[in-house]
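So you can see what is in the structure, the chains are spelled out below.
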Amino acid sequence: MNRLMLNKTILILSTLAAVIGVGFLFWILITLSYKGIMAIHWTTFTHDLVEGGIRNLLVGQFTMAILASVIAVPVGMMAGIYLREYGHGSKLAAVIRNLSDVMMSAPSIVIGVFVFAILVDPFGGYNGFAGIAALAIMMIPIIISTTDNMLGLVPQELREAGIALGGSKHKIILQVVIKAAKVGIMTGILLSFARIIGETAPLLFTSANNQFFTLNLTEQFPSLTVSIYNLATYPDAPSRDLAWAASFILTVIVLIINLFGRFVVRNKK
Amino acid sequence: MENVVMEVKDFSFVYPGAEKPSLKKITLPVEENKITAMIGPSGCGKSTLLRSMNRIHDLYPGNTYEGEINLYHRDGTKENILKLKKENDFIRLRQEVGMIFQKPTPFPMSIFDNVAYGLRLAGIKNKSELQDRVEAALKGAAIWKETKDRLGESALGMSGGQQQRLCIARAVALKPRVLLFDEPTSALDPISTSAIEELISELKSEVSVVIVTHNMQQASRLSDYTAFMYLGELIEYDKTETIFLNPSEKLTEDYITGRFG
Numbered sequence: 001m002n003r004l005m006l007n008k009t010i011l012i013l014s015t016l017a018a019v020i021g022v023g024f025l026f027w028i029l030i031t032l033s034y035k036g037i038m039a040i041h042w043t044t045f046t047h048d049l050v051e052g053g054i055r056n057l058l059v060g061q062f063t064m065a066i067l068a069s070v071i072a073v074p075v076g077m078m079a080g081i082y083l084r085e086y087g088h089g090s091k092l093a094a095v096i097r098n099l100s101d102v103m104m105s106a107p108s109i110v111i112g113v114f115v116f117a118i119l120v121d122p123f124g125g126y127n128g129f130a131g132i133a134a135l136a137i138m139m140i141p142i143i144i145s146t147t148d149n150m151l152g153l154v155p156q157e158l159r160e161a162g163i164a165l166g167g168s169k170h171k172i173i174l175q176v177v178i179k180a181a182k183v184g185i186m187t188g189i190l191l192s193f194a195r196i197i198g199e200t201a202p203l204l205f206t207s208a209n210n211q212f213f214t215l216n217l218t219e220q221f222p223s224l225t226v227s228i229y230n231l232a233t234y235p236d237a238p239s240r241d242l243a244w245a246a247s248f249i250l251t252v253i254v255l256i257i258n259l260f261g262r263f264v265v266r267n268k269k
Numbered sequence: 001m002e003n004v005v006m007e008v009k010d011f012s013f014v015y016p017g018a019e020k021p022s023l024k025k026i027t028l029p030v031e032e033n034k035i036t037a038m039i040g041p042s043g044c045g046k047s048t049l050l051r052s053m054n055r056i057h058d059l060y061p062g063n064t065y066e067g068e069i070n071l072y073h074r075d076g077t078k079e080n081i082l083k084l085k086k087e088n089d090f091i092r093l094r095q096e097v098g099m100i101f102q103k104p105t106p107f108p109m110s111i112f113d114n115v116a117y118g119l120r121l122a123g124i125k126n127k128s129e130l131q132d133r134v135e136a137a138l139k140g141a142a143i144w145k146e147t148k149d150r151l152g153e154s155a156l157g158m159s160g161g162q163q164q165r166l167c168i169a170r171a172v173a174l175k176p177r178v179l180l181f182d183e184p185t186s187a188l189d190p191i192s193t194s195a196i197e198e199l200i201s202e203l204k205s206e207v208s209v210v211i212v213t214h215n216m217q218q219a220s221r222l223s224d225y226t227a228f229m230y231l232g233e234l235i236e237y238d239k240t241e242t243i244f245l246n247p248s249e250k251l252t253e254d255y256i257t258g259r260f261g
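One line per chain: the protein sequences are A and B, in this order. The first sequence runs 1 to 269 under the numbering used here. The second sequence runs 1 to 261 under the numbering used here.
Only chain A is shown next, with the shape it has when bound in the complex:
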């Protein structure tokens, strides 16, 4: 009897915990959707921040995230290939792998401070390049880890089969092994992109923000996330509404990238 009671209690408690967790999630999503959709107007997408829209912010955020990916994807992939295919078992590889794992859990604000010290302070002001660098630093360890793990799933026989046909190691890696791990690596890249597109802390004092449309990376660069942070603290209603709209749009963007990532996996397996 006692055992049954305990069983029931735990069942009730864990169900309650799940309901509370999911409840908050829905609360957030519903509030966000309601306030966000109410605040969106077509001018939100056609005007820049200075005129009450987010056009320049979207362009700025995507520009920085895409350019960060252009740096982080090749660097991270090459490092991952080194760890799995060349440095396997070596001391150097073990050190790099550990450092990369530490970097992955480094607080993003710390990365922001670091980039401020080397790319903002010496150059006399906030700039887009610094924001890109901060995002790339966030992204690299994630790409390293995915590449490393996905290459680890490729059966060793596949490499041996390639070598046994007279291939050199680098050719087999580039033409066979990477192809076999392609879907996993692609997904990792998409998810890491979704991660950095919503980052605020690394941008706060690197690229900061810009009310006007610009593609000049040497000056302060428009950012959706930093704008949300700023707008939400303003006292006037239009600013707050715009913050809701921007938050909703950002959530939808991240959601779409995530769903697309899952979709790719499901269809290629």
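Be aware that one or more of the hints could be misleading.
[To be verified] DSS-like, lysine-lysine: derived pairs with alpha carbons at most 25 Å apart:
#1 34(B) to 175(B)
#2 83(B) to 171(A)
#3 171(A) to 175(B)
#4 125(B) to 171(A)
#5 103(B) to 169(A)
#6 169(A) to 85(B)
#7 127(B) to 179(A)
What the hints contain is simulated information worked out from the structure, not anything from laboratory work.
Keeping the supplied structure of chain A fixed, place chain B upon it in accordance with the hints.
Then chain B, alone, in the frame of chain A:
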């Protein structure tokens, strides 16, 4: 010994970190256009020996070995493959001595590209030559009928038995002198197994075959010569009939009759 295509001589092999050698002074000929089977309980060193014969072990550093493994070229010259050091020499060796693995290893590309892969590595770029040789290889591996209408499709969509025959076609396409089979049917169902066995016995008019197998019936059905190995030593090597019907060593007889192993 003019019909010998490869010969292992006093060959010893030690894995990195291991105290005892995995192979002790092995001497074994590989007869041309014959099938040589290597049998023995797990851990006896038969796969290690097979993998030494095209230096696939060199993927993993730290192995030490001594002795000779000689490959007799078509022009009659002999070459000790353990002396090879340069990347190009390895590539040449592996085009002469191909390998089929336990699990089918199709590359994630089309059926055609799978077979053409080794040919392209060998430097063949001419399209019509590639097409001819892919077709010949697929015919040689008895899989042309099933694949001729789907050459552009991914090889990963084929069944296990088909994939294994594709891997054989891929190796045959290079026109090797020797093909090494490392338990090629142990991951396959009985029907695919008999198809592969039939294919291997047909192949011997073109190539010399060395096959490692756990399946004693397979060894007796397929091979012309059999080597029995135990604990890193070659216990007995002879014609397959002799090994199975009238072995000279007690240990061989015990293993074949299933008293251990």
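Outcome of the hint check:
1. 34(B) to 175(B): Holds. Residue 34(B) to residue 175(B) sits at ~16 Å (cutoff 25 Å).
2. 83(B) to 171(A): This hinted pair holds, its Cα atoms lying about 24 Å apart.
3. 171(A) to 175(B): 21 Å, holds
4. 125(B) to 171(A): OK: residue 125(B) and residue 171(A) at ~16 Å, within 25 Å.
5. 103(B) to 169(A): This hinted pair holds, its Cα atoms lying about 21 Å apart.
6. 169(A) to 85(B): The hint holds at about 15 Å.
7. 127(B) to 179(A): 23 Å, holds
Of the numbered hints stated above, none is contradicted by the structure.
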